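Here is what each chain is made of, one letter per residue.
Protein chains: 2
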Amino acid sequence: MTSSAGPSERVVRGPVVPTAAARAVQQTLGVDDVRLSGGVLGRLQDVNRHASIPLGLEQLETAGNLDNLRLAAGSAGTDVSADTDASVTGEFRGPVFMDSDLYKQLEAVAWDVGRIPDPALAEFITASAKLLTDVQLDDGYLNSYIQTVDPRGRYENLSFTHEMYCAGHLIQAAVASARVGGDPQLLEVARRFADHLVEVFLRGEHPGIDGHPEVETALVELYRLTGERAYLDLASRFVERRGVGSIGDPPNRNRGARYLQDHLPVREADTLVGHAVRALYLEAAIVDLYLETGDESLLECSVRRWEDMVATKTYLTGGLGSRHAQEAFGDRYELPPDRAYAETCAAIASIHWSWRLLLATGEAKYADLIERTLYNAFAASTSVDGLRFFYVNPLQRRPDHYEADDPGRRREWFECACCPPNIMRLVSSLGHYVATHTSGAVYIHQFVPGTVRAPLSSGPVELTVRTDLPWSGQVTITVDQGPEGEWTLALRVPSWSTTTRARVGDEPAPVEPDEHGYLLLTRDWQRGDTVTFELDLTPRLVHPHPRIDAVRGTVALERGPLVYCFEQVDQPDGIEVADLAIAPGARLRPVEAEHGGVGRTVVIEVEATALAGDPVAGLPYRSGPRDADRPGREVVATAIPHFQWDNRDGGAMRVWMPRLPFHG
Amino acid sequence: MTSSAGPSERVVRGPVVPTAAARAVQQTLGVDDVRLSGGVLGRLQDVNRHASIPLGLEQLETAGNLDNLRLAAGSAGTDVSADTDASVTGEFRGPVFMDSDLYKQLEAVAWDVGRIPDPALAEFITASAKLLTDVQLDDGYLNSYIQTVDPRGRYENLSFTHEMYCAGHLIQAAVASARVGGDPQLLEVARRFADHLVEVFLRGEHPGIDGHPEVETALVELYRLTGERAYLDLASRFVERRGVGSIGDPPNRNRGARYLQDHLPVREADTLVGHAVRALYLEAAIVDLYLETGDESLLECSVRRWEDMVATKTYLTGGLGSRHAQEAFGDRYELPPDRAYAETCAAIASIHWSWRLLLATGEAKYADLIERTLYNAFAASTSVDGLRFFYVNPLQRRPDHYEADDPGRRREWFECACCPPNIMRLVSSLGHYVATHTSGAVYIHQFVPGTVRAPLSSGPVELTVRTDLPWSGQVTITVDQGPEGEWTLALRVPSWSTTTRARVGDEPAPVEPDEHGYLLLTRDWQRGDTVTFELDLTPRLVHPHPRIDAVRGTVALERGPLVYCFEQVDQPDGIEVADLAIAPGARLRPVEAEHGGVGRTVVIEVEATALAGDPVAGLPYRSGPRDADRPGREVVATAIPHFQWDNRDGGAMRVWMPRLPFHG
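The listed protein sequences derive, respectively, from chains A and B.
Under the UniProt record's numbering, think of the first position of the first sequence as 1, with each following residue one higher.
Under the UniProt record's numbering, think of the first position of the second sequence as 1, with each following residue one higher.
Don't take every hint at face value.
Claimed, not checked - Taking beta-carbon pairs under 10 Å as the criterion, some of the chain B residues facing chain A (in silico):
(1) 324
(2) 335
(3) 438
(4) 440
(5) 551
(6) 579
To be verified - Covered stretches of chain A, as calculated for chain B (at least 3 residues, CB under 8 Å):
(7) 309 to 318
(8) 417 to 429
(9) 456 to 463
(10) 540 to 547
(11) 551 to 559
No wet-lab data here; the hints were simulated from the structure.
On a predicted model such as this, the values are computed, not experimentally measured, just so you know.
We put the beta carbon where it would ideally sit given N, CA and C, even for glycine.
Given these sequences and hints, build the entire structure.
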């Protein structure tokens with residue numbers, strides 16, 4: 001197989017790099033183009049590099065991911081890290097998709113090395129590539145589970161074996177490594193596997209698709225990197241095969257066609273159903289295919305589902321997936337805060353999808369959802385120290401919380417460890433999601449302190465962004481370099497900012513966003529010019545749509561991009577979170593704080609009423625409301641950003657608070 | 001093994017018959033002592049006999065339960081029904097507890113034959129007993145799964161194999177058959193198995209308990225029937241072994257100690273957790289043991305958990321179990337109406353438990369919960385025609401309802417078919433749960449048209465009860481026979497009846513219930529005397545406890561013992577159930593109706609507001625409430641008794657309705 005076109009000239013060190021021919025209305029930037037120097041997201045990157053990634057690498061040994069591959073290589077001596085003496089005798093360990101943890105980890109490492117070089121990390125990629133080369137079969141196939149446990153089962157049970165899901169993550173890791181100039185051997189392994197998939201599933205007769213979408217976006221990226229059209233065609237083939245009965249009745253009936261997104265052809269489905277992460281990865285692929293093929297019907301159906309998801313199936317935090325059972329989307333407006341699943345991987349997948357829609361349309365609403373998801377559902381998934389993670393991200397925890405599949409607290413690792421390395425690969429590539437460019441404009445989607453470099457057609461632009469968001473509302477952007485003549489600085493006006501002000505130098509600029517939601521500042525910019533953007537961080541109470549039964553009669557608290565919550569540990573002595581209620585006119589006072597265990601934060605002191613506890617006696621139903629006659633006393637309750645919860649004790653927490661006055 | 005005491009002299013043809021020495025403050029009656037001649041419960045018995053039981057018998061062939069036993073018997077020719085020629089070659093079919101479906105069916109048939117003799121049904125018991133004799137091993141063991149699939153696995157994996165759960169149902173069937181004078185062979189089989197269990201688990205060294213409680217109550221009943229103390233001791237042994245690590249870490253970690261009620265010793269647990277049916281069966285056994293042993297600590301802990309369950313984990317319908325996952329109880333106050341599991345078997349188990357507590361204490365609150373459960377969670381489980389069943393009993397179904405494990409509509413049968421035969425055995429023994437007696441009083445707990453016969457110490461009493469409950473509120477009780485001198489007629493005063501009137505003959509009697517909740521009418525009753533009891537069927541709006549987050553800001557509608565719901569099919573054209581809201585002062589008008597498909601009913605016409613649908617656009621959260629400014633129009637909505645829902649189409653349904661006024 002030979003490339004039909006060379007890679008694009010400028011190497012963008014980022015995870016999504018549409019070709020020059022693509023329908024993208026904006027172009028992406030690399031992790032070296034956009035550097036984060038602080039803020040909540042920048043801090044995530046530091047913690048990721050210094051705590052999470054080292055933990056992840058260690059877990060690859062502890063949990064057996066590397067041993068599985070060593071077993072498969074039949075090479076007891078193969079050793080990808082100098083200080084390990086793990087045995088490679090024994091049996092395959094963990095779930096069938098163990099290889100994918102390594103691949104996501106490799107991708108995380110690649111982006112992080114692309115951000116800040118590190119020979120030891122680069123060596124991990126090289127050593128892994130060597131190991132994978134040893135495991136890879138002559139025909140290009142590579143999967144430690146199949147090779148060690150079920151060699152005859154290759155492609156026999158695609159709804160569950162994750163063989164192509166793993167292949168997809170291998171390909172994404174290899175693309176990342178190639179884009180940041182890492183060891184070329186990883187890309188070689190990935191291409192051999194991809195070529196093999198092309199032989200079997202595109203040129204060959206195998207009618208299957210993987211039960212877990214993922215290889216589709218990966219193949220599109222591999223096409224983008226290599227110019228090899230067959231990869232794009234194979235991705236398209238896989239997407240078109242969905243919903244036409246490609247997956248037979250799987251062994252576990254609960255995990256049927258809906259679970260696997262094989263219930264309807266992609267152009268026909270109106271709403272996301274089934275396993276949330278699978279559904280969302282598939283959507284990212286659908287938009288990728290639109291971008292590269294120009295098939296408008298793909299964009300149209302995906303936008304339709306995005307609108308439906310946002311309006312009816314999205315938690316306030318951006319979390320997705322209402323049910324533990326099948327890790328699935330629920331019915332429309334089924335959004336229970338307590339039993340929310342809101343898997344961390346679903347938040348990540350949502351960002352992947354929205355990002356592609358942003359590239360395809362240029363509309364700020366996609367960046368709005370990315371911001372909401374990043375600062376809440378996603379940021380909450382990692383502890384302050386970067387060493388513990390949420391898989392499940394509820395919006396409420398009762399004092400007697402129990403879930404068989406979730407302790408309600410972050411954990412160091414998981415038997416199904418899909419989330420932590422997924423977090424790591426997103427965090428190490430966060431710069432990619434901050435800004436984009438067109439030929440004549442730089443778009444800032446997320447306001448993060450740091451620098452942005454973008455190649456406009458008239459020449460490169462360099463900007464410095466200074467901001468203390470999300471803690472205070474001012475953003476100052478300085479032009480460090482720019483081409484001659486006019487070009488545009490485009491700033492997203494966040495939907496949450498009620499009153500937004502802008503100045504260019506000392507000159508007020510009217511904040512009148514264009515039809516896509518961006519404030520366009522077109523000037524003949526000079527080095528040293530500054531733009532000041534004042535976003536409105538007044539705390540606000542938000543009310544849910546009346547069809548969301550599970551949070552009727554409640555309010556939640558937001559400030560800037562942050563959703564807040566009430567943790568038991570912050571409340572006055574003797575006041576249970578469950579007895580707090582808030583009036584719509586309540587005084588809300590932001591207070592800068594350095595909470596032990598939480599780090600820097602701004603808490604909000606809230607005028608609230610603590611209702612007397614209602615003693616347990618008889619059925620909890622009666623004629624006449626029970627609230628109106630309960631004595632209450634005025635207290636000051638304290639809310640902290642939701643992403644910072646569970647860094648102290650394990651008490652009750654809730655985002656949605658009963659709204660006063662009760663009535664009846 | 002020989003009996004240490006003979007069976008009690010008077011044979012009570014009922015499922016719970018404490019010994020004369022037991023701590024029961026009331027004595028139970030048989031299915032021939034209390035005959036139902038109509039009403040909702042009487043109608044259930046008719047449909048049960050003429051539709052459900054025949055369907056159940058057919059399913060024992062279709063689903064393979066009988067074939068499994070024939071396989072085990074190694075007797076291809078054995079045939080328990082004249083018109084079947086099912087093959088007995090092949091493999092074991094269905095879940096491991098398939099035998100229990102037959103046993104529950106046998107128990108249902110036994111009670112029904114005890115009610116109204118039928119030679120064909122009696123012959124089914126005889127034929128089954130023959131088959132079981134053929135299957136039973138020399139040492140008394142009997143289990144078609146173990147014998148055909150895993151002969152070496154006997155008692156090796158008790159947390160999942162249900163070997164003693166099945167044994168328990170066999171014993172209960174045999175006790176039922178013996179009490180109604182059925183073929184003695186079934187009791188012989190059951191006793192041989194019970195004696196074997198005594199050898200292994202009481203006299204022997206095996207430390208195990210069954211993962212699914214059930215054998216415990218059965219052993220107590222077998223003790224009651226036979227007087228053999230070892231059965232009682234074994235039941236006690238099993239209960240005492242719970243919560244002390246008797247069940248090791250089972251293969252599926254999600255089904256751990258909590259799921260199996262092995263997390264805490266029974267005297268220590270404060271709240272019901274884990275699999276609801278298992279937890280509830282265990283409680284029934286705990287109270288049975290109190291009754292027969294007098295160990296007050298058992299009654300005390302079980303009452304404590306009952307109070308906790310009623311106050312924090314019980315649905316308005318009496319349904320129990322908030323989670324599909326693990327079919328389990330949720331956290332306190334976690335009572336989502338849409339994702340309620342409320343398994344039919346849990347409603348049945350709740351009735352078993354409350355009934356024993358009623359016998360132990362004489363308190364009407366237990367009969368109150370039984371009534372609520374019978375008329376709502378339980379009655380809803382069967383279709384009007386008796387041919388379809390709910391396993392899961394939610395209080396809300398959205399128009400786009402989807403559950404992987406439940407279609408949201410009744411089904412003819414189930415792969416795990418525990419519920420239908422469980423329904424059948426309760427329905428055929430319903431008379432048992434209507435009335436009790438003491439030496440000098442007859443207690444009426446449920447007001448059902450029919451006759452009651454009770455042996456007071458001074459002589460037998462016979463009563464006729466005439467009532468059209470739950471459709472109208474009058475109950476007339478006539479004394480058909482009674483002994484000389486004073487005796488007491490005790491009538492439960494239902495907690496839902498706000499204004500209750502009583503007359504003896506034409507004489508008003510003050511309705512002043514005693515401390516247990518019963519109106520005691522002590523007279524020298526004469527044949528033909530009548531008591532008239534006027535219960536209050538004014539429809540009422542009920543409000544949930546403010547800690548039940550899932551139904552905050554809603555009201556539900558009740559009338560008498562019935563919970564109502566709003567089905568889409570009954571609403572005015574163009575009005576979606578999801579847009580209806582009700583003010584606390586709304587006019588509620590009961591209307592007698594004969595709804596096609598539902599049968600006789602009283603619907604309630606409700607003054608309601610239909611809010612304009614809120615179009616899908618953007619996130620369903622915003623600053624400022626969305627309800628206050630939605631235009632609404634006055635409509636008349638229609639509610640039907642919840643137990644009658646889903647007898648027409650499959651549209652939306654809800655019990656809890658948004659409460660007006662919205663505010664903010």
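Do the hints match the structure? See the list:
1. For residue 324 of chain B, the interface hint holds, the least distance from its beta-carbon to any beta-carbon of chain A being 5 Å, beneath 10 Å.
2. Below 10 Å, beta-carbon pairs count as interface contacts, and residue 335 of chain B has one with chain A at about 8 Å; its hint therefore holds.
3. Annotation: residue 438 of chain B was flagged as interfacial toward chain A, and the flag is violated, the nearest CB pair being 26 Å apart, outside 10 Å.
4. Evaluation of the residue 440 of chain B hint against chain A yields a violated restraint, the C-beta minimum of about 30 Å exceeding 10 Å.
5. The beta carbon of residue 551 of chain B comes within 8 Å of a beta carbon in chain A, closer than 10 Å, and the hint placing it at the interface holds.
6. Interface restraint check for residue 579 of chain B: the shortest CB-CB distance to chain A comes to about 8 Å, inside 10 Å, so the restraint holds.
7. For the segment 309 to 318 of chain A, the assignment as covered by chain B holds, since 5 residues bring a beta-carbon within under 8 Å of that chain's beta-carbons and 3 suffice.
8. Here the segment 417 to 429 of chain A counts 0 residues with a CB under 8 Å from a CB of chain B, which misses the bar of 3, and the coverage is violated.
9. Interface restraint, the segment 456 to 463 of chain A with chain B: violated (0 residues with C-beta to C-beta distance below 8 Å; minimum three).
10. A stretch counts as covered by a chain when three or more of its residues have a beta carbon under 8 Å from one of that chain; for the segment 540 to 547 of chain A and chain B the count is 8, and the coverage holds.
11. For the segment 551 to 559 of chain A, the proposed coverage by chain B is satisfied: 5 residues have a C-beta within less than 8 Å of a C-beta in that chain, meeting the threshold of three.
Hints 3, 4, 8, 9, counting from the list given before, are not met by this structure.
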